[in-house]
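Protein chains in written order, with my numbering: chain X, 1 to 263; chain B, 1001 to 1411; chain C, 2001 to 2300.
The reader is advised that the hints may include incorrect statements.
Below are the PhoX-like pairs computed for lysine-lysine, each with C-alpha atoms no more than 20 Å apart in a straight line [said to hold, decoys possible]: (1) Lys2088/C with Lys1064/B; (2) Lys1062/B with Lys2139/C; (3) Lys1064/B with Lys2092/C; (4) Lys207/X with Lys145/X.
Label pairs and their in silico Cβ distance ranges [unchecked claim]: (5) Tyr2266/C with Gly1047/B: 52 to 58 Å; (6) Leu1060/B with Leu2119/C: 21 to 27 Å; (7) Val251/X with Arg2177/C: 38 to 44 Å; (8) Phe2262/C with Ser1246/B: 53 to 59 Å; (9) Gly1047/B with Leu2119/C: 16 to 22 Å; (10) Phe2262/C with Arg1197/B: 31 to 37 Å; (11) Phe2262/C with Pro1233/B: 30 to 36 Å.
Listed next, the stretches of chain C that the computed footprint assigns to chain B, with coverage defined by at least 3 CB atoms under 8 Å from CB atoms of chain B [claimed, not checked]: (12) 2158-2170; (13) 2215-2221.
Keep in mind the hints are simulated off the structure, nothing from the lab.
Note that the Cβ used here is the ideal one computed from N, Cα and C, for glycine as well.
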Amino acid sequence: MECALKVQNLSMDFGGLRALDDLDLDVGRNEIVALIGPNGAGKTTFFNCITGIYPPTEGDVLISARGKDRLERINGIKPNKVTEKGLARTFQNIRLFPNMTVLENVMIGRHCRMHAGILGAVLRGPSTTREEKEAVKDSYAILEKIGLAQFVNEFAKNLSYGAQRRLEIARAMATEPFLLLLDEPAAGMNPNETRELDELIKQIRDKEGISILLIEHDMKLVMSMSDRIFVVDYGRKIAQGTPNEIRNNPVVIKAYLGEEADA
Amino acid sequence: MIKLNEIKRAFLVSAWFIFLTFPIMVIRINPVEHIVEWRWKNMALVGIGSFFLSFVWNYLMKQKEPGFKKTETAEKTDTIPPLPPARRIQREKRIYIPALVAIGTLTIVFPFIFSMYQTNIMVSALIYIMLGLGLNIVVGLAGLLDLGYVAFYAVGAYAYALLNYHFGISFWMALPIGGVLGAVFGILLGFPVLRLRGDYLAIVTLGFGEIIHIILQNWNEFSFGPSGIANIPRPSLFGIDLSVHSSTIYIYYIMIGLCIVTIFVVNRLQNSRIGRAWVALREDELACQAMGIDKAKTKLTAFALGATLASMAGVVFAAKTTFVNPASFTIWESIIILCIVVMGGMGSIIGVIAGALVLILTPEYLRAFSEYRMLAFGTMLVVMMIFRPGGFIPDVRRIYKFEGVKSMDKS
Amino acid sequence: MDYFLELFLGGLTRGSIYALIALGYTMVYGIIELINFAHGEIYMIGAFTALIVISVLTLMGMNTIAILVIAGVVAVIYSSAYGYTVEKIAYKPLRNAPRLSALISAIGMSLFLQNYVRLAQTPNFLSFPNLIPDFEFIKPYAHIIGSTEIVILITTAVVMVLLTILIKFTNTGKAMRATSQDKTMAMLVGINVNRIISITFVAGSATAAIGGVLIASHIGMINFYIGFMVGIKAFVAAVLGGIGSIPGAVLGGFILGWTESFATGYVSSDYEDVFAFLFLVLILIFRPAGILGRSGKHEI
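For reference, chain X alone in the conformation it holds in the complex (with noise of 0.2 Å):
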């Protein structure tokens, strides 16, 4: 299968503490994987090392942008250069921007793939004012997939906590990635919400051909989604398959899910 994001032996150190060990993971094109572990597992920190967040201190994350066949290596960038390479992410705790309006939000995606510099923006040239145009229908496309366009003008910080995360995920699509992280994307939805959001993700993947590497404690949302699940328990991978290997595996089991039956 092809590859979008291929990640090998990686390993973060904070300190003296191991966060993340020797991990492996890949992501198929146009595949949703899930990526699933007890709280405090290292799944975020995960994340921010793929994303240029964190250097990792060991280890490698390859990515492959449509149409390119060669695989590149990534780590230890910025977190814009990340961006910009086609790697796009929500955050596990809501982080718009909340005092601008949603369509605003979702122009800021649009930033790494506009050109306007100071000059062109105070002068307005034909080319300024055309991507301005394009940035501005761009986003509202985007927003009227994601279900969100009756909320164009309104402060970001008005919005609804579902509505939120939503927003969240327009806008990183507007930055027109070929891998969409979703951190928790189901976090704090009710379960209409949430069927909702299914159904949103399969779509992104279908019809955009994003593929998407997703956190989530949600595991009906996470079975009935991801083609591959990875589980990992303190910072090392303890399993990885189908929804259905995962859900039969014992290791699972006794390290999560078992926890989670309980709670």
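Fit chains B and C to the known structure of chain X by using the hints.
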């Protein structure tokens, strides 16, 4: 309705403040004649004043509370009707355009209907408008609290003064050179502070401002120390030297021109790719980077642009006063500019203009007030932050209309 | 050698003062992550209150030692009261606001207090009598160190120990540490967070007042503006040592004090005030957590 326990509370507050201010407000020592003056009247004033202010405070706090609750409930409901923005802007425009024409006319004829003294004051106010708009980019839009902003103002003023002293460079040459120097200094200052967050940034920039001030004060060979540089020429009009009177008017128009250009530039930038990146940086630095925005570049452009504006204002300042010395560039100058931005409304152009006019003109015309100016500014900063953090004329984000886009999608 | 020793002890004295004020910054920053810009002004108010008390009591013809003690106590009480009030007015309503707002409010408070004292008292310098008696045993070394310096050093040490005991070994101290770790959790386990914050401000202000009285006796002059520069330098000392760390604040104070003392003694006094800022910039670039601070990873 004032309740009994509120009155009781006010009494307690009043008693507390009488206690608190007793040594400073009531007793005054005269070290020369070794007598102690007891000013009991002040005690009464503090008591009565704090008694009533306690009610005002409580009232304002309560006003703040329901507002807070309102946004909270709004967050929970999913069905917020989209704003009717188009209507609101149209309604504003009907007042907007005649007002603009009136202000424009007044601006043009100002130096001919008012005295030179008034024109001079107006030039100061205009310089502060420019400084305010510059700092507004850094603090209001990009959210970087720069307490050393005055340093760039000094860079411009000294650039003109020194270039003129040593090389006889004229005002019109110094203006762009000052602007470029300002940008260079802005970037030089920006680099080391790129990774600092809000409060550290504030104190480091304050430090930079002070370092520049101290250097100007002490490096006699370079800056002529505390005595400063005098006899800086006023700008000449096509090589003709003007009389003091006409050159004041001339500087007034130069400043008007510079302000208009500044407003134009800031306004264009605000709703551009760059401006949005600044605001996003202010809102959430990490998310901003994760969305593909180069944090370093964005911060540096904000610093550089703010510094350029301050530096150019500095060149005009030097030309206006024909004299510069370090005393004009203290930390308090930075704080006054910050007050202008905060009071007017962070991020809002009209707000900053209004803020500069009010804060600079009021003490000029109310001499009695000028002694209490800094006290009032301090109070204002605190009160504004608590009750109106957006300023009196808050920034409004741009509203986009979408009928066109929708039909385009359908076709 | 004597000159070196003089500068060394001079730096130590100066550093002690910075340390006393830095303690307040570090405690407040540790607990609410705010640079309390008004802290320098609290110290200035301490010095002014002491001067006023001293003047009144001197006219009444009291014994100097008694005057010194009373003035010190009154200064501590008043500074604490000011610190408490400043927190209630300018910071508490902004607890959930963006950090920029609280910072601007702090700057406003600093400006207000300075001008309040300027208008209510005087814009001029006032001479501050040195009431610390000359100790006999110090006479032979008078060219190196004076009794005032000795008192400053001892007081700093005592205050340091007391604060360390307060924070490390009392319940209040435990609650303070908990609050600085996580306010919400502290609240959930039944800690009165507002009260703890108030106590922190009161303790920091009291320490600053002691510093204020001591430095005023040492220098012999005060005006409404003395708090500003010293306040900023003390903050630099706190950052240098590692913000939130009490030994760090003292170490930072000493380092800054020595640097200034030696630089002034051997080079020139013109650029005395520049070192603090150079230190600040360098430390923040190369070791943002400070010398004794621990670097935490940021929450994402």
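Each hint, compared with the structure:
no.: 1; hint: Lys2088/C with Lys1064/B; verdict: holds, 16 Å
no.: 2; hint: Lys1062/B with Lys2139/C; verdict: violated, 63 Å
no.: 3; hint: Lys1064/B with Lys2092/C; verdict: holds, 14 Å
no.: 4; hint: Lys207/X with Lys145/X; verdict: holds, 11 Å
no.: 5; hint: Tyr2266/C with Gly1047/B: 52 to 58 Å; verdict: holds, 54 Å
no.: 6; hint: Leu1060/B with Leu2119/C: 21 to 27 Å; verdict: holds, 25 Å
no.: 7; hint: Val251/X with Arg2177/C: 38 to 44 Å; verdict: holds, 39 Å
no.: 8; hint: Phe2262/C with Ser1246/B: 53 to 59 Å; verdict: holds, 56 Å
no.: 9; hint: Gly1047/B with Leu2119/C: 16 to 22 Å; verdict: holds, 18 Å
no.: 10; hint: Phe2262/C with Arg1197/B: 31 to 37 Å; verdict: holds, 32 Å
no.: 11; hint: Phe2262/C with Pro1233/B: 30 to 36 Å; verdict: violated, 45 Å
no.: 12; hint: 2158-2170; verdict: violated (count 0)
no.: 13; hint: 2215-2221; verdict: violated (count 0)
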